[in-house]
Amino acid sequence: MSATSTTAPTRGGYRRSPLRRLRSLPLYLAGIAVLLFSVFPVYWMVATAFKPVGEIFTRDQTFFPQAPTLEHFDRVLNGQLIPGVNFWQFLGNSLVVTLGAVGMGAFLSLLAAMAVARFRFKLRTAFIILLLVIQMVPMEAMIISIFINFRQLSDATGAQLLGNLSGLLIVYTAVSLPITILMLRGFVVAVPKELEEAAAIDGASGWTIFWRILMPLVAPGLVAASIFAFITAWNEFIVALTFLGRSTDGYTLPLTLSYYFGRFGTEWGPIMAASTLLTIPVMIFFLFVQRRMVSGLTMGAVKG
Amino acid sequence: MAHTVERAADRGKEGTVRVTADSAPKRRRKLPTPYLLIAPALILLAVVLLWPIVQMVWYSLTSFTTRNLLPNQPGPEWNGFAHYQRLLTDPEFWTILRNTVVVCVLMVGITMVLGTLIGILLHKLPKWFSTIVSIGMMLAWATPALSASLVFRWLFLPERGLVNVMLDRLPDWLVGGGWLEYNWFLQPGSLFTILITVIVWQSFPFVAVSVLAGLKSIPGELYEAAKMDGASAWKSFWNVTFPMLRPLFALLLVLQIIWDLRVFTQLYILANSFQNKDVYLLSYYIYQQGFSASPANYGMGSAIAVVMTVMILAVTAYYLRIMIRQGETR
Chain A
1 MSATSTTAPT
11 RGGYRRSPLR
21 RLRSLPLYLA
31 GIAVLLFSVF
41 PVYWMVATAF
51 KPVGEIFTRD
61 QTFFPQAPTL
71 EHFDRVLNGQ
81 LIPGVNFWQF
91 LGNSLVVTLG
101 AVGMGAFLSL
111 LAAMAVARFR
121 FKLRTAFIIL
131 LLVIQMVPME
141 AMIISIFINF
151 RQLSDATGAQ
161 LLGNLSGLLI
171 VYTAVSLPIT
181 ILMLRGFVVA
191 VPKELEEAAA
201 IDGASGWTIF
211 WRILMPLVAP
221 GLVAASIFAF
231 ITAWNEFIVA
241 LTFLGRSTDG
251 YTLPLTLSYY
261 FGRFGTEWGP
271 IMAASTLLTI
281 PVMIFFLFVQ
291 RRMVSGLTMG
301 AVKG
Chain B
1 MAHTVERAAD
11 RGKEGTVRVT
21 ADSAPKRRRK
31 LPTPYLLIAP
41 ALILLAVVLL
51 WPIVQMVWYS
61 LTSFTTRNLL
71 PNQPGPEWNG
81 FAHYQRLLTD
91 PEFWTILRNT
101 VVVCVLMVGI
111 TMVLGTLIGI
121 LLHKLPKWFS
131 TIVSIGMMLA
141 WATPALSASL
151 VFRWLFLPER
161 GLVNVMLDRL
171 PDWLVGGGWL
181 EYNWFLQPGS
191 LFTILITVIV
201 WQSFPFVAVS
211 VLAGLKSIPG
221 ELYEAAKMDG
231 ASAWKSFWNV
241 TFPMLRPLFA
251 LLLVLQIIWD
261 LRVFTQLYIL
271 ANSFQNKDVY
281 LLSYYIYQQG
291 FSASPANYGM
301 GSAIAVVMTV
311 MILAVTAYYL
321 RIMIRQGETR
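Taken in sequence, the protein lines are chains A and B.
Residue numbers for the first sequence follow the working numbering, beginning at 1 and rising by one.
Residue numbers for the second sequence follow the working numbering, beginning at 1 and rising by one.
Same shape as in the complex, but just chain A:
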């Protein structure tokens, strides 16, 4: 369907004449407009991150950094965003809590997805409906009672669940479950039962069947669901804000960024540099799961 194949019939069945191509010019212009609207804020974030202070603190904003500099990145990476704590610790916090939640979530979801996909049991439909509903109730509404729960649990058991990463880890794991289970379920269903049965006849144990037959086939789904959970946990803000409070040692990256913005709201260079760093991992993962992102969220509504 390239522009050179002028005589080939196209999707609509018409022939592409020069006039036709001219008439599709508005479409191209609209496409360029969409592209600009989508990309510009991201570009502006990155561009600002590379501008020296003098180009930021001015009314004469230029589209391109005139004298690109790494000073803001240097400040974010090597300085102290919050007195006493540096970027790497926040990055570590974010990684520990997101990867921990993703790992635990993936394991629990795989078990549950197996149950839902492979067995018929009484509570099955109720369980699926529960997942669909719980996925919808917003954290913003539950935040007060979740906070009180964890506070009372901490007081009762002496375990420190607030002010450090442990409480966050539990909540993020739970939050990731519904969507991961529902996504994984489709992958497990897609593995033909006959494969497992054939292995069972050959004398393979349940564990062997799971690791040698099912896992390799479900792995792509597990990766997609995990990336999905990673992005959600990586971006999560309101629970971290509530649970960590003033314990800056445990701050995750989004919280650090918000804190820094609150304290040094005029330092747009470092703020944009840190925003860029926060965005990069999500962008990379996004490219991998883009297709699944759509099918995972709309499930069966798009067929084909």
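Since the hints were derived computationally from the structure, they do not count as laboratory data.
Every residue gets a Cβ at the ideal spot worked out from N, C-alpha and C, and that includes glycine.
A few of these clues could be false.
[What the hints assert, rightly or not] Derived Cβ-Cβ restraints for the label pairs, each shown as a range:
id: 1; chain 1: B; residue 1: LYS227; chain 2: A; residue 2: LEU195; range: 22 to 30 Å
id: 2; chain 1: A; residue 1: PRO83; chain 2: B; residue 2: ASN276; range: 23 to 31 Å
id: 3; chain 1: A; residue 1: ASP155; chain 2: B; residue 2: GLU77; range: 18 to 26 Å
id: 4; chain 1: B; residue 1: GLY178; chain 2: A; residue 2: LEU29; range: 44 to 52 Å
id: 5; chain 1: B; residue 1: ASN276; chain 2: A; residue 2: LEU29; range: 37 to 45 Å
id: 6; chain 1: B; residue 1: ASN239; chain 2: A; residue 2: ARG23; range: 19 to 27 Å
id: 7; chain 1: B; residue 1: ARG169; chain 2: A; residue 2: THR69; range: 20 to 28 Å
id: 8; chain 1: B; residue 1: GLN187; chain 2: A; residue 2: LEU29; range: 33 to 41 Å
id: 9; chain 1: A; residue 1: PRO220; chain 2: B; residue 2: TRP78; range: 51 to 59 Å
id: 10; chain 1: A; residue 1: VAL85; chain 2: B; residue 2: PRO71; range: 25 to 33 Å
id: 11; chain 1: B; residue 1: GLN85; chain 2: A; residue 2: PRO26; range: 31 to 39 Å
Knowing the structure of chain A, use the given hints to seat chain B on it.
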């Protein structure tokens, strides 16, 4: 046992030897296994996410404040529907509720219309170009809410923000004067405009890409037939595209409403404080009552949360209906 044999026999030519070989172990693990498998996930969900919903309703009927969390203090006292009565008679709450609904409707409406139009556009563009545009849209979609909010705050900053600078450079007869110092973040109208822009910017790619996927699944002959009948683009959208993609549109609509009703992070950055009650939305009000008001009023916050949850559940009921119809629960 008879049932298992029948089913296995239905499956085909394998014969009876196999049936006895694999039905015996299967029968044994059939009863407890699924429950054991869902138990860990179910327990975690019940404790962390389900129980708090019940508690939220209970707390909303009590006078629960920070005081009740201190050691050696009595638990919260039952005070009936006092919070709800106060909410219903509080003009401030009604304003916030109205703003939440209006802002949500605008976000969802603009996202859906823009997303659909762009989905159709992508479908009409040649493959190479539509791929480029899609990748560009991915950038907007993938940007974390926090980064996006900060960028938009920076773009609309008084005196130095690019939008203010550009508007100031435009001739006064076109856009009026005084844009350079204009502060977008003080008044609800202008602040919500930016909030809607951020949300639409982040959510239209999902709608566009979904609609594009849907369009690809519609057979081209339908459009050819419509064209033969002399239908315009507008007509063929309403008579072919829309009926074919109805389930998709319903689902997208529901998801957008639910996601946009709960917006918090973006408002937290754009408003940048809890001082201006005029710019509150429901989720912001809940958080303010629970964690920013002094003393923190958990009871009142929970009552507002119940209102919000009821709104969300009403929409979720419709979502469930779609899912059940699609056979997702089977």
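Quick rundown of the hints versus the structure:
With their beta carbons about 47 Å apart, LYS227/B and LEU195/A fall outside the hinted range of 22 to 30 Å. About 29 Å separates the C-beta atoms of PRO83/A and ASN276/B, a value consistent with the hinted range of 23 to 31 Å. Separated by about 19 Å at the C-beta atoms, ASP155/A and GLU77/B satisfy the suggested range of 18 to 26 Å. Against the hinted window of 44 to 52 Å, the Cβ-Cβ separation of GLY178/B and LEU29/A comes to about 32 Å, which falls outside the hint.
Between ASN276/B and LEU29/A, the C-beta spacing of about 40 Å keeps the proposed range 37 to 45 Å intact. For ASN239/B and ARG23/A, the hinted distance range of 19 to 27 Å is satisfied, since their beta carbons lie about 23 Å from each other. Between ARG169/B and THR69/A the Cβ separation comes to about 26 Å, which falls inside the hinted range of 20 to 28 Å. The hinted window of 33 to 41 Å between GLN187/B and LEU29/A holds, with their beta carbons roughly 34 Å apart.
Remark: the range hint 51 to 59 Å for PRO220/A to TRP78/B is upheld by a beta-carbon distance near 53 Å. The beta-carbon spacing between VAL85/A and PRO71/B, approximately 30 Å, falls within the hinted interval of 25 to 33 Å. Under the hint 31 to 39 Å, the C-beta atoms of GLN85/B and PRO26/A, about 57 Å apart, miss the expected range.
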